[in-house]
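Colleague: These are the residues of each chain, in order.
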Amino acid sequence: MTPLLQVSDLRVSFGRPRREVLHGISFSIAPGQRVGLIGESGSGKSVTALAVLGLLSETAAVTGSIRLAVPDGDGPTGRQLEVTTATEKQLAALRGDAYSMIFQEPMTALDPTMKVGRQVGELLGLHGHRIPGGSRSRVLEMLREVDLPEVGRIADSYPHQLSGGQRQRVLIAMALVNDPVLTICDEPTTALDVTAQAKVLQVLDRHFTQRSAATLFITHDLAVLAGVVDVAMVMLEGHVVEAGPIREVLADPWHPYTKGLVATSRLELARPGERLPTVADHFDRSIPVQGLREVPVSWEHRARVPGRPGGGA
Amino acid sequence: MSEQPLYQVRDVVRRYGHAARPAVDHVSLDLAAGERLGIVGESGSGKSTLVRMMAALDRPTAGSIRFRDTEISGLPERRLGFLRASVQMVFQDPRSSLDPRMTVGASITEPLRSPLLRRRAGVPADTRARLEEVMAQVGLDPADARRFPHEFSGGQRQRIAIARALAPRPQVLVADEPVSALDVSVRAQVLNLLADLVASEGLTLVLVSHDLAVVRHLCDRVAVMSSGRVVETGTVEQVWSAPRDAYTRTLLAAVPRLPLP
Numbered sequence: 001m002t003p004l005l006q007v008s009d010l011r012v013s014f015g016r017p018r019r020e021v022l023h024g025i026s027f028s029i030a031p032g033q034r035v036g037l038i039g040e041s042g043s044g045k046s047v048t049a050l051a052v053l054g055l056l057s058e059t060a061a062v063t064g065s066i067r068l069a070v071p072d073g074d075g076p077t078g079r080q081l082e083v084t085t086a087t088e089k090q091l092a093a094l095r096g097d098a099y100s101m102i103f104q105e106p107m108t109a110l111d112p113t114m115k116v117g118r119q120v121g122e123l124l125g126l127h128g129h130r131i132p133g134g135s136r137s138r139v140l141e142m143l144r145e146v147d148l149p150e151v152g153r154i155a156d157s158y159p160h161q162l163s164g165g166q167r168q169r170v171l172i173a174m175a176l177v178n179d180p181v182l183t184i185c186d187e188p189t190t191a192l193d194v195t196a197q198a199k200v201l202q203v204l205d206r207h208f209t210q211r212s213a214a215t216l217f218i219t220h221d222l223a224v225l226a227g228v229v230d231v232a233m234v235m236l237e238g239h240v241v242e243a244g245p246i247r248e249v250l251a252d253p254w255h256p257y258t259k260g261l262v263a264t265s266r267l268e269l270a271r272p273g274e275r276l277p278t279v280a281d282h283f284d285r286s287i288p289v290q291g292l293r294e295v296p297v298s299w300e301h302r303a304r305v306p307g308r309p310g311g312g313a
Numbered sequence: 001m002s003e004q005p006l007y008q009v010r011d012v013v014r015r016y017g018h019a020a021r022p023a024v025d026h027v028s029l030d031l032a033a034g035e036r037l038g039i040v041g042e043s044g045s046g047k048s049t050l051v052r053m054m055a056a057l058d059r060p061t062a063g064s065i066r067f068r069d070t071e072i073s074g075l076p077e078r079r080l081g082f083l084r085a086s087v088q089m090v091f092q093d094p095r096s097s098l099d100p101r102m103t104v105g106a107s108i109t110e111p112l113r114s115p116l117l118r119r120r121a122g123v124p125a126d127t128r129a130r131l132e133e134v135m136a137q138v139g140l141d142p143a144d145a146r147r148f149p150h151e152f153s154g155g156q157r158q159r160i161a162i163a164r165a166l167a168p169r170p171q172v173l174v175a176d177e178p179v180s181a182l183d184v185s186v187r188a189q190v191l192n193l194l195a196d197l198v199a200s201e202g203l204t205l206v207l208v209s210h211d212l213a214v215v216r217h218l219c220d221r222v223a224v225m226s227s228g229r230v231v232e233t234g235t236v237e238q239v240w241s242a243p244r245d246a247y248t249r250t251l252l253a254a255v256p257r258l259p260l261p
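Residue numbers (the UniProt record's numbering), protein chains in the order written: chain C, 1 to 313; chain D, 1 to 261.
Looking at chain D on its own, in the form it has when it is part of the complex:
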């Protein structure tokens, strides 16, 4: 492939304070446009830290992260507009990622009103029209835009968070454990929604999860992380059916499954 990957992560290290070992320890990976990459690992494996650095919410201690061939790791916030318009995140817990004092409509359109994104090419200018559009896309009634997050269930709040991420028409969606705070009874609905949106919007997806079954459903490639390092990468089917690394096998075995019907 002669085309440059969308993301080039090279030898990235993130060290916090005086911790004995870095949270992310010399990680390198490429992400092509349109690719759907899963990152799996247990708590503390460094997977969230890695994607937060890719979304420029955190900075590497060493190493390089290039997005569309521009180094992002040293850029000040005022010069990150191009990244903020193209890369949006969905977090694990919509109770803490949505401002409880803001109406749902204000939360969803906040990225569109940000001085960094406003009037940028590709970012929708008609805020009201875009609000109705994304709310409908995630299966919410646009009339609910005047309500507050606490009036919604966990699954609905995650839909609101997804609508907010979609609002500026990003190219990349980074979802950090988007269903692990949700009841199993609504998990499939949110995963189906994400799969539909990734297909219909042609999104590039980075999905962080501790459950390889979730990643398998949405991604084509997976990186397994342990203690800050990538211990295995491959196609999802390959890692799912024939994991090479011992840690990956432990991770797969730990997921509780119902006995087969």
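So that you can see chain C by itself, here it is in the shape it has in the complex:
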């Protein structure tokens, strides 16, 4: 089957003189596949997400290839759009429709002057979908689908009248209202507390399952990722350093950085008062990072950087 997304040797640099922040990453996402991207601040994960939908600023220099499958109303067409050379018009036809994105900060992603129901409805109109029963009923249905209470009242509320968790679920409703084949979730729960986070993760999981929809799920929190995705890439300093089925990566991490991340994520295993394990216990940052050349398209086998501990050649 044609992958939905095919990224090959993607490099992104900013500034003058050019500073490369993404050093040639390659991966693909098949229809219905849930792919995780884990990394710390500055590792390049958000740049990857923005590049995929052609949302990087004009000051970014992008090389390599990003191909998105172009579906029509009936499903796959076999056509692909090369994002790096596509026009804004071609990209706009896909964004918010077949491909959508959920951002971290719901307060800045919503228009504070517009009722949230209208903001969800706008997305429907933008892509010209005709809805039996009108767009209002579809908006309410969508707000119900993300488990919001009293959907009529919420639809008529402004963003500031909602809690952080409710706002994030409105954003999710906007991202999912056109039934996308792939949703990029960029730290969708980082600004939320644990109870709101649990709700958001449950809503996303249910949607992806029901619609057999694919996701690229980005987070710095391995424990969040573990419950959502099937396969994962670990990103460090603009390189993918490890990739494979999430269960295998967690059970037996290969890269020293991943080992450190797994150890430090298990806060509850440390005895109270005991020193907590840190990434630095496993991974020496002074050793230059080397990336994988290519994450296997099938995702069936694990991929790692060959060589000595630390990821050096």
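Keep in mind that the hints were calculated from the coordinates and are not lab data. All values derive from a computational prediction rather than experimental measurement. Yeah, the Cβ is synthetic: ideal placement off N, Cα and C, and Gly gets one too. Just so you know, not all the hints are guaranteed correct.
So the derived label-pair ranges between C-beta atoms look like this [stated by the list, open to error]:
1. D:A143 to C:E150: 50 to 60 Å
2. C:A61 to D:G34: 56 to 66 Å
3. C:G164 to D:A62: 26 to 36 Å
Some, not all, of what chain C presents toward chain D, calculated at C-beta under 7 Å [what the hints assert, rightly or not]:
4. V194
5. L267
6. L276
Since the structure of chain C is provided, determine the placement of chain D on it from the hints.
Modeller: Showing chain D alone in chain C's frame:
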């Protein structure tokens, strides 16, 4: 115990404007010197409001807060010097709690230069020596004192905020979600640092967090808050392993965990 608790919080209520229910609703608790108290709850449960009132950054609508047997809730700022010298806070987001136009050194020593704290017994007088001392204590290079906050990573900025809180040699450290804005990859380092400092300085700790696993690591007692009220208190181990309240159980279940190795 015949000794007075360090803090006595009695029936404290905080109501904002015309809100339907108070942010903090009749909360009472004691804090003994040397104790490490965790306060957990979700956003809007009132936990931050409670500790801000304990640090006299906010005032109760009703009720009493006594620190070392002195009522603090009605005191004007000029008479709060004794509290400011003894109780220091670390906030969630060091991007907004540190002044971006001040050098790291100036931020850290600002409390020492404050007219309320300067020349007060117990507050270090030699500002430069104290700066080097606290920077070393939190694992920063004292030579970095001339740099600005934006030149540091999130984890390092939180170290700067901790150094600033330690500068006046407080007895109580109030940390409001000190690691929830940080990457998981640096969380453990900051928690280890806090644990070391609490032990080496003999600090009394009030730690606010939505994650009971974080509280469990640093505290011996915990109060669980929901809708402005304390719904459960106990030793951390007791609440962690056998929560009595239904809300506490929901909170525990909501924390994502990696499958066991």
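Colleague: Would you mind marking each hint as holding or not holding in the structure?
Modeller: Now the hints, each set against the structure:
1. Distance hint check: the CB atoms of D:A143 and C:E150 are about 57 Å apart, consistent with the given range 50 to 60 Å.
2. The hint said 56 to 66 Å for the Cβ distance between C:A61 and D:G34, and at roughly 57 Å that hint holds.
3. Range check, C:G164 to D:A62: about 28 Å between beta-carbon atoms, so the 26 to 36 Å window is met.
4. The interface hint given for C:V194 is met, as the beta carbon of that residue sits about 4 Å from the closest beta carbon of chain D, less than 7 Å.
5. Interface restraint check for C:L267: the shortest CB-CB distance to chain D comes to about 4 Å, inside 7 Å, so the restraint holds.
6. For the restraint placing C:L276 at the interface with chain D, the shortest Cβ-Cβ distance is roughly 4 Å, inside the 7 Å limit, so the hint holds.
The structure shown violates none of the earlier numbered hints.
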